[in-house]
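Undergrad: As they're listed, the protein sequences go chains A and B. Anchor point for the first sequence: position 132 equals 132 in the UniProt record's numbering, and the numbering is continuous, going up by one each time. Anchor point for the second sequence: position 30 equals 30 in the UniProt record's numbering, and the numbering is continuous, going up by one each time.
It is worth saying that the hints were derived from the structure and are not from the lab. Treat the hints with care, as some may be off.
The calculated lysine to any residue pairs, modelled on SDA-like cross-linking and capped at a C-alpha distance of 20 Å, are [unchecked claim]:
1. A:Lys-138 to A:Asp-157
2. A:Lys-138 to B:Ala-34
3. A:Lys-138 to B:Pro-117
4. A:Lys-138 to B:Asp-33
5. A:Lys-138 to B:Pro-56
6. A:Lys-138 to B:Leu-109
Covered by chain A, per the in silico footprint, the following chain B stretches (three or more residues, Cβ under 8 Å) [what the hints assert, rightly or not]:
7. 11 to 25
8. 34 to 47
9. 56 to 62
10. 106 to 117
11. 129 to 139
A virtual CB, placed ideally from N, CA and C, is assigned to each residue, including glycine.
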Amino acid sequence: MHPQQQVRDLLGPADPARGVDVPAAPLSAHDLILRAESSASSAALPSRRRASRRAVLVRAAVAAAAVASAGLVPILRRDPAPTRPTQPAGGGTVLQPVGYEIATDGEPAGPHLRALAGQLTDASYDRDGGRYAYQRSKSWGGMSVFSPEGYVASYVDERRTWTTADGRRWSDRTVLDIEFPDEASRDYWTRQTPRPAPSGSRRAEGPREEPRDLAPGRRLASGRAALARLLGTDRPAGDVAMTVYGIYSEHLVPRRTRADILSILAGIRGFVWRGRVVDRAGRAGVGVTADLVPPAGERPERAQMLLVFDPATGELLAHEYLELAPQHRVLHYGLLLEGRRTDTLG
Amino acid sequence: MKPEGERGEAWFTSLYAAHYPDIVRYGLRRLPDADAAAELAQDVFVVVWRRRGEVPEHALPWLYAVARHTVANRWRHGRAAPALLPLSEADQVPAGPAGPDALAPVLDLRRALRALPEADQEILRLVGWEDLSVADAAAALGCTRSAAAVRLFRARRRLRFTLATRPPRNDPRPASAHV
Numbered sequence: 001m002h003p004q005q006q007v008r009d010l011l012g013p014a015d016p017a018r019g020v021d022v023p024a025a026p027l028s029a030h031d032l033i034l035r036a037e038s039s040a041s042s043a044a045l046p047s048r049r050r051a052s053r054r055a056v057l058v059r060a061a062v063a064a065a066a067v068a069s070a071g072l073v074p075i076l077r078r079d080p081a082p083t084r085p086t087q088p089a090g091g092g093t094v095l096q097p098v099g100y101e102i103a104t105d106g107e108p109a110g111p112h113l114r115a116l117a118g119q120l121t122d123a124s125y126d127r128d129g130g131r132y133a134y135q136r137s138k139s140w141g142g143m144s145v146f147s148p149e150g151y152v153a154s155y156v157d158e159r160r161t162w163t164t165a166d167g168r169r170w171s172d173r174t175v176l177d178i179e180f181p182d183e184a185s186r187d188y189w190t191r192q193t194p195r196p197a198p199s200g201s202r203r204a205e206g207p208r209e210e211p212r213d214l215a216p217g218r219r220l221a222s223g224r225a226a227l228a229r230l231l232g233t234d235r236p237a238g239d240v241a242m243t244v245y246g247i248y249s250e251h252l253v254p255r256r257t258r259a260d261i262l263s264i265l266a267g268i269r270g271f272v273w274r275g276r277v278v279d280r281a282g283r284a285g286v287g288v289t290a291d292l293v294p295p296a297g298e299r300p301e302r303a304q305m306l307l308v309f310d311p312a313t314g315e316l317l318a319h320e321y322l323e324l325a326p327q328h329r330v331l332h333y334g335l336l337l338e339g340r341r342t343d344t345l346g
Numbered sequence: 001m002k003p004e005g006e007r008g009e010a011w012f013t014s015l016y017a018a019h020y021p022d023i024v025r026y027g028l029r030r031l032p033d034a035d036a037a038a039e040l041a042q043d044v045f046v047v048v049w050r051r052r053g054e055v056p057e058h059a060l061p062w063l064y065a066v067a068r069h070t071v072a073n074r075w076r077h078g079r080a081a082p083a084l085l086p087l088s089e090a091d092q093v094p095a096g097p098a099g100p101d102a103l104a105p106v107l108d109l110r111r112a113l114r115a116l117p118e119a120d121q122e123i124l125r126l127v128g129w130e131d132l133s134v135a136d137a138a139a140a141l142g143c144t145r146s147a148a149a150v151r152l153f154r155a156r157r158r159l160r161f162t163l164a165t166r167p168p169r170n171d172p173r174p175a176s177a178h179v
């Protein structure tokens with residue numbers, strides 16, 4: 001059966017609007033035209049006035065970004081924070097893809113990943129004790145605003161979790177600032193409102209326990225065979241890369257399992273070695289990429305997953321989901337910023 | 001794009017009649033109540049009139065994109081937060097005849113759906129409930145067709161995983177739900 005029809009068959013019974021008779025519209029088409037005509041003039045002026053001032057800032061930022069981000073750099077940038085997005089005063093940040101050492105014709109990642117797997121050192125949480133596995137991550141691209149024209153803005157989400165050995169989990173989430181995948185989106189959203197979203201205004205209210213019925217999925221598989229099943233090694237490398245990020249964002253992965261994951265990835269075709277990388281948080285790592293393969297019959301998409309590993313401990317530091325063509329831009333990123341054991345909740 | 005002059009009140013009235021129910025249903029699936037859904041539909045068609053020169057011939061995906069934008073704007077300004085999917089939070093069941101045995105899977109499905117990331121939920125809703133093709137869903141989401149196909153592929157996989165890993169509940173509420 002066609003996948004779309006499968007989705008319809010599955011979700012149809014749960015449709016809140018299924019079988020609902022929609023009452024007649026309270027306003028006629030003519031009434032709506034009058035409303036549109038009457039409100040258009042009063043709304044337009046302030047937004048044009050706001051835009052004129054910001055346009056200067058945006059143009060300056062666009063020019064700076066064009067100089068700084070003309071594609072992936074061929075060698076690793078040497079400045080302390082090479083992937084810092086451009087941020088004009090009062091504007092908003094436009095993301096630049098992470099630059100990596102080997103930008104073209106990278107070699108297969110297998111030998112490098114095997115070598116890394118064989119020399120891992122302990123992460124801090126491998127040695128420490130504590131009731132909770134604490135993790136802090138930031139991601140961007142999950143909660144997006146789309147304009148009808150396709151301009152995108154999305155918020156940086158900070159998530160903290162505390163997980164016990166039996167699978168109970170507490171978490172909180174803070175919505176941070178807004179960032180844009182390209183200058184056109186920033187330009188659009190900057191024109192629309194004085195500030196596309198309240199910056200840092202939705203603070204976390206402290207950790208809350210997540211539903212217990214999600215707990216069975218919180219235990220990390222052990223053993224190479226179980227890990228390989230979890231990673232879905234029969235799937236394309238790009239999908240496996242996404243699963244790797246999912247595992248690391250849910251677990252403090254022990255050293256032996258980290259080595260197993262790297263070894264398993266080494267045996268999967270499609271991972272390309274990218275050498276040294278500095279992630280979006282300014283941390284040095286090593287990178288591998290995998291092209292994302294669309295489902296059969298779809299137009300080939302130039303998209304790529306980048307995984308950044310700690311070169312000593314083998315922990316996953318970050319991932320990036322990149323569109324390479326027709327536009328070259330970041331579609332999603334995740335940063336695993338902190339992982340440790342603690343006895344303190346919150 | 002069409003010159004605005006070619007699109008007068010007759011064109012607008014026809015489009016409004018054809019798609020007003022679609023946009024109300026879109027709102028019913030994402031907003032707290034029927035009044036909010038009707039208000040959303042009116043807001044969408046106000047935008048349609050102002051930007052009538054931009055409306056494509058195959059208008060529905062474009063209308064959904066405007067609706068999505070409008071819902072996001074409300075959320076952004078805190079006028080109706082949280083705007084997305086409070087209806088499913090309420091564990092209501094669809095109107096129509098259904099026995100208690102049929103309700104539990106529906107509620108499990110709703111719970112599994114809302115456990116997914118918002119991007120996954122939206123592509124599944126657009127295809128599963130709004131009945132869009134992948135190409136039309138891509139237009140509604142403002143992404144490429146292949147990006148939408150990949151999103152749908154992954155969202156289906158995550159939904160299946162969530163359904164498989166979440167034990168069904170013996171929830172007493174379905175017995176008292178309106179069916």
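Undergrad: Tell me the numbers of any earlier hints that the structure contravenes, in ascending order.
TA: Of the numbered hints, 2, 4, 5, 6 and 9 do not hold.
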